[in-house]
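**Q** Listed below, chain by chain, are the residues.
2 protein chains.
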Amino acid sequence: MVMMLMKATAIANSNIALVKYWGKRNSDLMLPHNSSVSMTLDNLNTMTTVEFSENFSEYELKINGKTAKGEELKRVATHLDLLQDSSPQKRFAKIMSESNFPKKAGLASSASGFAALTLAGTKALGQNLTLKELSILSRRGSGSASRSILGGFVEWIKGSLLDGSDSHAIQIEEEGHWPELSMIVTIISTEEKKVSSRAGMSQTVKTSPFYDAWLDTIESDVEKMKQAITKKNFTLLGKIAENNALKMHATMHTTIPPILYWESGSLSIMKEVLKLREEGTECYFTMDAGPQVKILCQQKDLETIKSRVTELDLVKDIIICHPGGEARLIEDHLF
Amino acid sequence: MVMMLMKATAIANSNIALVKYWGKRNSDLMLPHNSSVSMTLDNLNTMTTVEFSENFSEYELKINGKTAKGEELKRVATHLDLLQDSSPQKRFAKIMSESNFPKKAGLASSASGFAALTLAGTKALGQNLTLKELSILSRRGSGSASRSILGGFVEWIKGSLLDGSDSHAIQIEEEGHWPELSMIVTIISTEEKKVSSRAGMSQTVKTSPFYDAWLDTIESDVEKMKQAITKKNFTLLGKIAENNALKMHATMHTTIPPILYWESGSLSIMKEVLKLREEGTECYFTMDAGPQVKILCQQKDLETIKSRVTELDLVKDIIICHPGGEARLIEDHLF
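Residue numbers (numbering that gives the first Met the number 0), protein chains in the order written: chain A, 0 to 334; chain B, 0 to 334.
All clues stand as given, with none of them false.
Identical copies carry no separate label here, and so any pair may be met within one copy or between two of them.
Derived EDC-like pairs (lysine to aspartate or glutamate); straight-line CA-CA distance at most 20 Å:
# : residue 1 : residue 2
1 : K205      : D215
2 : K157      : D27
3 : K193      : E278
4 : K270      : E191
Worth flagging that the hints you see were computed from the coordinates, not collected in a lab. A quick note: this is a predicted structure, and the numbers were derived from the prediction, not measured.
Build the full structure now, drawing on both the sequences and the hints.
**A** This is the structure in structure tokens:
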């Protein structure tokens, strides 16, 4: 009898949405209310190993060396069950996942995490999927993970079909297209956020009086953002990204009860960005469901901005990112 | 020949909008896009003396002991010209104005200022106007001043007539109706704001994609707020006020370029209010066009909240307010 080792390791980058995703039209299938645009980030990533075996009697998950239980384990288990939907026999697996940045702090750990999990999981199961198929499956684990399958600049097309088969990411430009575009991630707090993105967006869709108006602005933002990326128009990219982030946070703030992901340190950095811009150093901020402020700038201004932000003395860490590549297999144990 | 001394002194309280005013449909006549509701505040006030004389050849303005020029002087001069529209002869005046709180820092100094100026100015001119007439005239100086003419709880009815003759404040309940209702004004910064309310609201109306959605929520907020006041329902009042303030700031944040009146200290206090509420001490925040956070609470919780906010060590000063009375004459030199 030949033993087949059903094991694979994949690495996926996180991504920063330049036009944000906030709110689902179908929460079972993770179908969004709006399309979004992102940049895949070279320096924030998750490496995940999945090993299936007939001998395992339950899923075992380790995240950054620690055994994960409860909701986290359940989400991963549900996802690996989904990957086996077409398998004749269901197997359990051991999963090891390592991110090089804090999780659940608004740095899209679930994006890189579920993209890596999907690639490693399907490969360990002997499946060879297209990028589109991987994007669709990743989406089921975490909406923004659909974008982390691809490298460079990415659009997640919201789609319109009920089964979600047209809701996936496509590449706008590849990673080498605009290497000067830089992002300074300021880590203000590594505490896990109180309100998860999942719970937060659901509550926003239900209660924010601005949610419809937010959606009304998306198509135009997506079009302008794609144009900015293709033409490497930094000013347009920055303006649309900053305004889009503020619009998303405005829908969060007007949710009942209010969702305030901003910390006092976040506001100080946002204001510093506005000040830098007034002084002639072009940069823009964006923020996601957490307190970290991400500063978009050009390579030439990276050091100036970095030192100004460091001087504020409220940043725990700084990570510099550039456009990154697609999710990939690291080691393939399938033989 | 009898010399007539055309001089009067009036005092008017500031007010805090519980349903905010942000945006004009007519900026010459200061007609708002929406109705608003406020509480007149007993402990934030402006005292103004106006003295007209045939012997004066220009307007002279002193604010808190300092001679004011430029835009400030022009606004006051224009207002005193307006009060003399029906006078046979135009006179200049000396004006002295004293507020017991910092001006232009989001504490509605123009509300108490123009209410006191209107009352003192008309009285000095020998006019005896009704509260409605005073409210309409005060509105021309500063929109929110229309509310500071009246005491207690006030609605500024937006009106619909082109000439603004139906856009004025009316009293919902008088000041003695709800003495337990308290407001803690936390002074975070006494710097004058960078973007005036006037410029800010004009820019918001032009560029915020959420402005129409904001207006759509007002009628319901006004109705619920009036009900909350009349029935002394603190929970309803607090919830509507906090959400309404967040909605207004959301329209500001999504203005292009963004208007961020919040300071990092503001956010810390807002979060402390949310925390206090989670812990069972009922309180709500509201904010205007400036960094100060105003905490709505009941008399019984005043000391608890005050000491918690003081512990944060970022508050420069604290002012406690309760419902206050209408604008009144202090000294009448007209003889």
